[in-house]
Amino acid sequence: MTLTSADVFQHDLREQWEAFLDEHRRSLHDSLTGLSEAQARVRLVPSRTTLLGLVKHATFVERVWFDEGITRRPRTEIGIPDSPDESFVLHESDTIVSVQAAYRAACADSRRHTAPLALDDMILGNRRGPLPLRWVYLHVLRELAQHCGHADILREQTLSGVRATA
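Letter by letter, the sequence shown follows residues 1 to 166 of the numbering used here.
Hints are computed from structural coordinates only; laboratory data are not their basis.
Do not take every clue at face value.
To be verified - Pair by pair, the computed Cβ-Cβ distance ranges are: (1) L159 <-> R48: 13 to 23 angstroms; (2) G34 <-> T71: 32 to 42 angstroms; (3) T33 <-> L124: 31 to 41 angstroms; (4) P130 <-> S98: 28 to 38 angstroms; (5) R75 <-> R14: 22 to 32 angstroms; (6) S160 <-> L13: 36 to 46 angstroms.
None of these values were measured; they are calculated from a predicted model.
Even for Gly, the Cβ is constructed at its ideal location relative to N, Cα and C.
Can you build the whole structure from these sequences, using the hints too?
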């Protein structure tokens, strides 16, 4: 059974944060459910932000903070772009199925990488320098929450037939 934020009120802080992270991960992942490939790629804002791009970017976020940050492997070895902006770039091979699968795998890897750590353990592989896991959890939760909001709006516009930008 997957715990939700409502289920963990009396649990310790780490379980609460992980439940919130997982809820936001599911929400962002599911923002693509029921869309056509064209709808997932529709661009409604001047930036590269699309629904498919948001989930692809969230994969990048997971890999930066919980793979590069913890394992200290370089981005080239992990297979992610050098910058956040590049993580929104969609390739012809990117599909709803492939992007969702990559995101699920990144989230599972994140859980595996963080499992042996305590909230006060330092993450040493981030470009900002050493950061405690608790700070990383809060940062990723904040970013996922923002992107879930973006996805909600883009999905609503896409399904209502709002015209794409050039």
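To see whether the hints hold, each was checked on the structure:
1. Checking the proposed 13 to 23 angstroms range against L159 and R48 shows it holds: the Cβ atoms sit about 21 angstroms from each other.
2. Look at G34 against T71: about 35 angstroms separates their beta carbons, and that is inside 32 to 42 angstroms.
3. Taken as a hint, the range 31 to 41 angstroms holds for the pair T33 and L124, whose Cβ atoms sit roughly 37 angstroms apart.
4. For the pair P130 and S98, the supplied restraint of 28 to 38 angstroms holds, since their beta-carbon distance comes to about 34 angstroms.
5. The given range of 22 to 32 angstroms is respected by R75 and R14, whose C-beta atoms sit roughly 27 angstroms from each other.
6. A beta carbon spacing of about 39 angstroms between S160 and L13 agrees with the range 36 to 46 angstroms that was offered as a hint.
Consistency note: the structure conflicts with none of the earlier hints.
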